[in-house]
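Chains as they are written, first to last, in our numbering: chain C, 37 to 657; chain L, 941 to 1421; chain W, 25 to 133.
Nothing false has been slipped in among the hints.
Just a few of them, taken from the derived set where beta-carbon distance is under 8 Å, the chain C residues facing chain W:
id, residue
1, Phe630
2, Gln632
3, Gly634
4, Ser635
5, Val636
6, Phe641
7, Val644
Chain W stretches covered by chain C per the calculated footprint, using a threshold of three residues with CB under 8 Å from any CB of chain C:
id, region
8, 50–62
9, 124–132
In the BS3-like style, the derived pairs of lysine-lysine whose C-alpha atoms are separated by at most 25 Å in a straight line are:
id, chain 1, residue 1, chain 2, residue 2
10, C, Lys608, L, Lys1100
11, C, Lys141, L, Lys1304
12, C, Lys141, C, Lys402
13, C, Lys58, L, Lys1385
14, C, Lys579, C, Lys337
15, C, Lys198, C, Lys337
Worth flagging that the hints you see were computed from the coordinates, not collected in a lab.
Glycine included, C-beta positions come from ideal geometry on N, C-alpha and C.
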Amino acid sequence: MLLALIVLLPLAGYLLLTFAGKYFPRSSGGLLASLLVAISFLLSMGAFFMTRQHGMFVTGPFSWIDTAEFRASFSLQADSLTLVMSVMITGVSALIHFYSIGYMKEDPLINRFFSYMNLFVFFMLLLVMADNYLLLFAGWEGVGLCSYLLIGFWFKNPEYAKAADKAFIINRIGDLGFLLAIATLYITFGTLKFADIQTQLQSGIGVNQMTLITLLLFTGAVGKSAQIPLFTWLPDAMAGPTPVSALIHAATMVTAGIYLVIRSRALFMLSPLSMHVVSAIGIITALFAASIALRQFDIKKILAYSTISQLGLMFFALGLGAFDASLFHLLTHAFFKALLFLCAGSVIHGLHGQQDIRFMGHLKEKTPVTFITMLIGALAISGIPPFSGFFSKDGILAAAQQASPLLWILGLGVSLLTSFYMFRLIYLVFYGQYRGETGSWDPIHESPRIMTTPLIILAILSVISGLINVPGLFGGGEWLGNYTGLVQVMREGDHLTEWILMIITLLAVSGMILLARNRFTGKDIPEVSATTTKPIGRLLTGKYYVDEIYQAVITNPLARISDTLYSFVELKIVDALVEGVGATVSYLSRIFRFLQSGSVSFYLFFMVVGIILVLVLNLFM
Amino acid sequence: MEKLLLYLVFLPIITGTLFLFFRSRMARYSALFISLIELVLSVVIFIVYLRDSGQNFYVNIPWIKEWGIHLQLNLDGINVLFMLLAGIAVPLIMLAGWEKTYHNFGLMDGMVLILQGSLMGVFLSFNAFVYYIFWEMSLIPAYIILLIWGGEHRMRITLKFFIYTLAGSLIMLVALISLYLSTPGEHSFSQDAFRNLILDSPRQSWLFMAFMLAFLIKTPVFPFHSWQPDTYTQAPSAGTLLLSGLMSKMGIFSILRWLIPVVPWAVKHYAPYVTGLAVFSILYAAIIALRQKNIKTLFAYSSIAHLSLVVAAIFTLTSLGIQGALIMTFSHGIVIIALFFVADIFKIRTDSQELADMGGFRTKAPVFAGLYLVVLLASIGIPLTSGFPGELLMITSLVKVNLGFAILAGLGIVVGVVYMLVSYRATMLGKPVEIPFWDLNFREKLVFAVMIGLIFLVGVFPTVFLKTTETSVNILVSLFI
Amino acid sequence: MINYQSTLQAVPLNWYILVSLTLFCIGAIGIIYRRNSIVIIMCIELMINSVNLLLAAFSAYNGNADGQIFVFFIMVVAAAEVTVGLALIVVMYRNINSTDISLFNNLKW
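From just these sequences and the hints, can you work out the full model?
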């Protein structure tokens, strides 16, 4: 019952705001939505504390599809993994909702915005609380839908609408993989419930079957969590309002892919090939996206590529078997990435719409709260102790090191790039000289309290959330790992090596920060004053031209095929055959009509000839 | 209980014929009233069947004994959803076109009712000859509606539609007569007699070809589909709604009723080819739809794609596939009517069906935009809408049979998402075009509300509908195990 | 009794067939080539009579009376048919003032 309430409250918010929206004065719609999510958060916390005594929660089953051959139900479950996720989701969502009350204040369609946000939270909670793959898929598609609605929220701009379409379509491609996975799961196991599938795994299923299923599931995850090759929608999704980017594209929806893999870990562990694929794609995406972030100038795009990169790290950890490290990083990342996005929103809000960091600078004077919180976020993501990112990244790097030193180096590489581009952002935005238009300096202001308070809360969380899973190295109890049962027992490595590597990492990262400071604070910053001429710079700024490649390889040929199919095949072949039949009949009739010459002697002639023929033929039969 | 099916078939035919002679608007009200009676009747029958499928609905009225032609009607798991659809769709179609003025209302609505009656006859009939009579009977009202109120090129296009469909049907007639002559002893046209026939392979093969030709033309499936886009585009809105929502289901229904139980060997033998052809048809139609500039043509190709998926699923010859196909057909009936209603709304407001003339209407008509989006989501099979259970079951059945087909079919669905979203964006999003576009009035909202209500009903509670089909589908599939 | 049959059989049957055939062909060609409708009717009569001749000849040579009785039937039918045919020609003449069949070509394509 409790679970149903947690999930349905935001849905109620959506329904109220959609159907009775005009009765709500502009300001209260947002308040209602935020409060509903906040109540869900409190209920989640309650459920979280209660499970220590009561074990797992279960609701349902209300039958959904029930035929002799296929059964799936609307039933919810809340085990430790689900509860951790739902606490995070409702908590961060509530904060972002409150923030949005300030951010979206001037927008005439604000109530619709909140209705979509609430709908999103509903679907996301459905996703994490589902007890079977089908309901998870329902939530999965639902968040994709809300993402489309929210990205394209300012629909009057055709570019934004296109971005929304792109997100939905690329997601859908991934979802096809997921759908096929569900079909294969059902055919193999006869059920879609997580618990039932777990029990059946004991009896041994072929590795090939497992590989197929897990690769298909991973395809869905790749689409949803923006990994290579289905990531191009995420940077474009920055067209949506910044709270949307914070909620959906940092903290929640994109993490659904990670959640799916963690939830299916028993399946993945049976297929070494899939695990390798997951890791490989994870680390490649992480490096790739981080390198692009080095050269982006839009504050939100930097954060978008950063998200893709961090998600890549999480998949990297998953593929190595370090499910607890991945989950840990998911949680800490949710906090500091949401924080970073909201700070970016605060900056944009304060600068009345400016998003290009080349036209910012010296803002620490005007927006101190935003500055400090964003700095905290940057430190967290760079992995500086004692901020949370340090502990969560360390978990991932430790797992990498145990698998192979090369992987650790790659992971380190990602960390280095991360700290570099992050502090590039910080220095260019908050330090140095202001580079905006003359006259635009004065109106810059700090954001109102309703926006800065969530920033402060998230900043605090970014600092302390490291405590939830302090690794054994520091004498901590690895609470999160143990609570969720994800800890891999084999992972105890050589403590000395771990310390050494950690210190190396720390030093390298700090070095990158200082390097960034050198480059980006000073009188003359090369990349903002002159247009980049070096080819590698252009390659990175142009995002490796991936969008253009997709356009040339997929979109344009498809359009040409469509045109050809229509104009040539459809009109000239298929239709021509049909019309051809008619044309043939007309042609034949034009020939045969000459038999009707009207001349009686002509008819008589043929009559006689005919009769003679009949007689003659009769003779021969 | 027993005679109810008779009312279902003959009430609209008789009253429809009557109404043909009245011209005034009163005829509309009376026709709507009759269609509502049909609606109530079909829903009641559905619920009775749901509760207790053993109920005896069998009607057997001897007609021409010497030739085994009797009026045999019955209800079973295969036709119950089609009957329900025919009952529900017609009042919606009438309400959808309520504001339009015709010079002769009785003619239009009378024809609609006659069409409904003949479709009920097709779906409920268990005697092959009577079935054929109703099958051909349905062409006449369709032809007249298209011809009198259609678009610019209606004469040529309607003629093409009529002759193309008729050609297929005539070949089917030959097959039916051949089957009749094969029944032992005193020949009979009844479906039971046909099912019990055991025929040799060559015979089954050509019978299969003959039937499939007719049904592939009717559905339509590549490569026999070329009549459809032009016909749907040129038809008046009521005509398109009827054609796409109801008449397209005749072919699918007939495959299940008259093809599979009668020539099982041939069905099993040729099934992979038909599935392959249907899967190709999905992709073909979807890719062509991508670049269509006329919204009705776009929806027409979309309909071809969806129904091709249904055909592909049927020929997997699994219970999953056929049940998925049945519920998808029901959902498609509602959704395609909703989509063409959307196209009609565009026509009423802007007097155009070209995407180029439209844009940014969401600012002027937010309610319409929202409802259009929901219908769009149902069309692409988002969970919790009616399109999803069918799609899920069908894809699962395809995976069971051939993963490659499933992937291709899935790609077809993905392409479907693309053109649906692109057309939505072209019409509703972006900068508003300078055309007056008013939001929905009460009647239009009501029609949408009913359709969307049904969409969610079937999406959230598909079990209700699936359960009714289970037994009959299992009997059908047991022929192939 | 005088033996009629042997007298009749003095002329070989083949000659009768040939004559009949010739008459038939003349009639057939006349139908095809002649334009005057009365002449066509005369040709039709010619063909009929050639058949009569053939029938009578065969019946005489086989000693079987059936053929000759058939000839009576044919003559009656021919008479009736000529009546109708001439009536048609009268109507035709009243319409186009001629008996030329090549003027009768309104049912053209």
